[in-house]
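Could you build all of it, start to finish, from the sequences and the hints given here?
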Amino acid sequence: DAKTTQPPSMDCAEGRAANLPCNHSTISGNEYVYWYRQIHSQGPQYIIHGLKNNETNEMASLIITEDRKSSTLILPHATLRDTAVYYCIVRVAGSARQLTFGSGTQLTVLP
Amino acid sequence: EAGVAQSPRYKIIEKRQSVAFWCNPISGHATLYWYQQILGQGPKLLIQFQNNGVVDDSQLPKDRFSAERLKGVDSTLKIQPAKLEDSAVYLCASSLIAARDKRYEQYFGPGTRLTVT
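Protein chains in written order, with our numbering: chain A, 122 to 232; chain B, 668 to 784.
Derived from the structure by calculation, the hints contain no laboratory data. Nothing false has been slipped in among the hints.
Examples of chain A residues lying across from chain B (beta carbon under 7 angstroms, computed):
#1 165
#2 217
#3 219
#4 224
Incomplete in silico selection of chain B near chain A, CB under 10 angstroms:
#5 671
#6 697
#7 702
#8 715
#9 760
#10 776
Derived pair list, reagent style SDA-like, types lysine to any residue, alpha-carbon separation capped at 20 angstroms:
#11 B:711 x A:167
#12 A:124 x B:709
#13 B:678 x A:162
#14 B:678 x A:163
#15 B:711 x A:161
#16 A:124 x B:704
#17 B:711 x A:221
#18 B:711 x A:212
#19 B:682 x B:781
#20 B:711 x A:223
#21 A:124 x B:708
#22 A:124 x B:711
Predicted, not measured: the structure shown is a model, and the values here were computed from it. Backbone N, C-alpha and C fix where the C-beta goes; we use that ideal spot for every residue, glycine too.
If you want it as structure tokens, here you go:
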């Protein structure tokens, strides 16, 4: 699985959009970008995934650049409960392979 | 639906002692994973089962760690003897083998926090 690079920490004001970047310059054509988050003292939780088109669900939006070398997770209206470590993971889809986690980005939503 | 259950939630042992963790995956999930998460790091896979067979145990320290998934449902992870560096959170996750949406989402339990003194 391709390696990802994320900033170690970010702050965001409550109610504002949180934009979390991820670089995955060595991504292969059959690899998807997944985002998980881990709230303190809980297990990781799936947020969203995509291949090359932008994706949106009830939790977030995922914007993938045209060359697929980077992506941005957008939380449109961040709340205090969104404070967590966010992991960007690249993985071949269509399989139940392991998730290879990096260090992630600690997002702190400030009141 | 019920989530992934793990027990105990916390465990403190002395080095060289043994310890066991239990995991009950989501009903119908054939794939089960054990991850180790050291403080400040992302989770790292220890072992992956599909039903009661091992798919990947390449990162499991087999001299001290063992895991089993009898009958393809519950799983137990054991450490014997424990070392100081085994202090970590042990996470269990499960997923479907085949998913209509093909996202193969992994569902994680709350983890067991192990402290070795």
